[in-house]
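A.B. asks: Here is what each chain is made of, one letter per residue.
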Amino acid sequence: MKHRLTRQELLQRAAFGAALASIPGFAAACGGTSSSGSSGASGSQQLADTLRFSNWPLYIDIDPKTKQPGTLAAFTKKTGVKVKYTEDINSNSEFFGKIQGQLSRGQSINRDLIVLTDNEQYLGLMLDKGWAEKIDKDVIPNITNLVDVQKHPGFDPNREYTLPWQSGMTGIAYNPKLTKPILSIDQLFEDKSLKGQITALNGFGDTLGLVMLANGDDPSKVTDASFKSAIDRVKAASDSGQIRQFTGNEYTGPLSKGDLKACIAWSGDIFQLLPDNPDLKWNIPAAGGIIWTDNMLIPKGGDAYTASVYMNYVYTPAVAAKMAAGIQYVTPVKGAQQVLSKTDPAMASSQLIFPTEQTLSRVHLIDPDALKNQSYNEQWQAVLGA
Amino acid sequence: MGFLHRHRGLTPYLLLAPGIVWLGVFFLVPLGFLAHQSLESGNFAVGYAFSWAWGNYWDALHQYHAWLFRSLLYAGLATLLALVISYPLAYWIAFRGGRWKNLLLVMIIAPFFVTYLIRTLAWQTILADQGPVVRVLRDIGILGANGRLLATSTAVVAGITYNFLPFMALPLYVSLESIDKRLIEAAEDLYASSTQAFLRVTLPLSLPGVVAGTLLTFIPATGDFINAQLLGTPHQAMIGNVIQSKFFNLLDYPGAAALSFTLMAAVLILIAVYARVIGTEKLTG
Amino acid sequence: MKFIRRHLLTAYAIAAFAYLLVPIAIVIAFSFNDPAGRYNYTWQGFTLRQWQNWDGVPGLKDAMVLSLEIALLAAIVATALGTLIALALVRYGFRGRGGTNVLIFVPMATPEVVLGASLLILFLNLSSFLQLGFGTILIAHIMFCISYVVVTVKARLISFDRSLEEAAMDLGANELTTFRKVTLPLIAPAILSGLLLSFALSVDDFVVTYFNAGSTVTFPLFVWGAAQRGVPPQVNVFGTVIFVVALGLMLINVLVQRRREGVPA
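Protein chains in written order, with the numbering used here: chain X, 6 to 391; chain H, 230 to 514; chain C, 806 to 1070.
The following block holds chain X by itself, in its conformation from the complex (with noise of 0.2 Å):
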């Protein structure tokens, strides 16, 4: 189904032609290779000069010779596209609340791909506000690398504005050398020996989310009962002293110091912990754990074209197996697992970055509509202490 351009998207990319056309030495920098990658796609599809890129911090693959991203060094040597790229994404809220200003007036925020989380609301949000540039399935054959179970999110079912980046998995982490172990959101809640010495998550996608499924209820289609009974448990949790505060990742401190027995915490985070502290555990809940993505999306006033290009090429097998090793998050990009294990055999088995499939299948999304409720933001906000 090629992707027919509209009159005003048309002329918008007309317009952003012409302005990279008149900065001097465009033609020089771009190295000749502005038509290599066209698919022979209408209007003027050409390779910008620079891809603005705006990414989490340590979210990317670092070669130690160099010390800069290595991925993006190749990708700059095999397109001519130089890669600006900036880790200036910490706080999807925050982020959020950065760019919209300019976002609401129409004027575009200087970057050509970002990327946001689905446990928030804010993914779902630049969608629905026409903030995202739809992206140019037609330079991106190896679209048909994603993982089935990436194919048809809820806040974006046919992909036409997100790809995923990686994928982490939310559950329980603990110290071994503390307590026991803690394998459940029951446990976490309510084991005494706990009490004051745990922290949940900040964002309710995830926290509400493990407690829905400890509760039974599926946390991809959350009701108001199951809401409820979810945030009326951690209230009553960290009423009582049990949890001792809701952080963002500034668990990963306590955890190591010993002032936190266990915590809702993220997989990754604990697979980056672990070299200084190897005790540490990490486990998805008994009832089941969430599992977000990090997506990338290309923002209103974006190059389309190049962002989409980058896109393709970070769902090469090859490319993805070099991110993975690097990133160790879930990768989206079936055969992978095969390219790096040929070099890596060990990190290619590791659970916390190719899941198998009886692992996957205990973990669960968090339903997107649930995430854009005003009305549970604001029960939320209010158990945070707002």
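Just so you know, the hints here were simulated from the structure itself, not pulled from any lab data. Virtual Cβ for every residue (Gly too), placed ideally from N, Cα, C. Just to be clear, a hint being listed does not mean it is correct.
What the hints assert, rightly or not - Facing chain C, from chain H, some residues (calculated, C-beta under 10 Å):
| # | residue |
| --- | --- |
| 1 | R325 |
| 2 | I347 |
| 3 | L399 |
| 4 | G442 |
| 5 | Y482 |
| 6 | A485 |
Given the coordinates of chain X, work out where chains H and C should sit on it, guided by the hints.
C.D. replies: Coordinates of chains H and C only, in the frame set by chain X:
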């Protein structure tokens, strides 16, 4: 009002102009946008529109007065603590510092070179549950057997105090340093003990610094959110946390704006009362 | 009695400085830490490799240099503007004096989130003239520092003995000379304090900068982002260096003063 200059017609305006213009453009105009926003209604999904929504202010006061009081309380406690801790320090630098005064002043702001987050992480290391400080406090009974310092209101107030210490210490120093030592000598020549000399001469002369320091500490501390967020539990949330939440999580920009103006009004009222109590000449000269 | 009091005060001052600088001590100590992983939370052994590899974190040095540049410029401009306002407020009566006095307090009372977000709205409306970045950060920092300088300098001016200026002018000095030779030296500590406070505010600012930086990264923004995955020990190295350099500069200042006073160095 003291001695007024001959050319008072134009000079004050010339002196004021650069700074006031800067504040006018880069503060008052944004404040105007904020005021406009505070009277909007709607929601994020459909958008906000100006509608003289004074209800936003009523909601702010009605729902969040507890947070407002808590913020004023924590800020007040922190200011008092900062004053008690900083006064002797500023006194020592002013009267005993000698050539080293400037170096000592730089040392006071040195913690700011390493950013708030690093300072707080360092304190979290020192005050960790398993760390030496908490262990000692538990042993001597100040803390219960399972007591902790982090994630408590003590930690929040201590955090605010620590982070605003320079804002109290430097103005105090400014005032103390300007005191003519001969006045104290004169008092002592007239048979005042050093305590009397301090209470009757030094302390009153340092009051402008005390006033300045308390204002520079209390006012910004009321809007603080980060100490409560990192060092407290939901029960320590301040009005700043509510405003953060409204802005970033609930996308309720009018609500955040109205709440901000409510806080600002409360603070300005308190300053007016403070000025009345201490006498406006110490505030405005 | 006086002996005890004299030394009690000094002992207190040392204790107070210890309290102030304890986080710096931790920062310095952990710059020599040898963590196996990405986090620098627990002590795992002494090493010099963080210092040898001081420039190993991409973007950190640039962020630090940028923050220092902005802080220096913001401090100088804010102190200049603020001192002028303070002079006007304390020494003159004029229409709008009361209002100006109130205006000075309002920026300090405004929560940073809405201050930053509203300023961003202004910049977005001016986007054809002004791009988000160094300039907008600097403008914002100067804006919120002015109030602090005004209050600090006012505290000095309120108790200023005008008779010294009168004496100078009686002896034939004009206003500018009097200001330069009498007033300025006497209020110098206040101006220095204003400079230091502004510098501290600017180098440490996060929220307002976050909104108005575009994709420019200052040191606090860098650290906040890095904290997601563990603050690298190189941050501690930089913090230590800045502290030592600042101390060093002030020590030179002390030595220069001693030489001026004719004391053998």
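A.B. asks: All hints, please: hold or fail.
C.D. replies: Comparing the hints with the structure gives:
With a cut of 10 Å, the hint placing H:R325 at the interface with chain C holds, because the nearest CB-to-CB distance is about 7 Å. The interface hint given for H:I347 is met, as the beta carbon of that residue sits about 6 Å from the closest beta carbon of chain C, less than 10 Å. Of the supplied interface hints, the one on H:L399 holds, with its beta-carbon coming within about 4 Å of a beta-carbon of chain C, less than 10 Å. Restraint check, H:G442 versus chain C: the minimum CB separation of about 8 Å is within 10 Å; hint holds.
Interface restraint check for H:Y482: the shortest CB-CB distance to chain C comes to about 8 Å, inside 10 Å, so the restraint holds. At a threshold of 10 Å, the smallest CB-CB gap from H:A485 to chain C is about 6 Å, leaving the interface hint in force.
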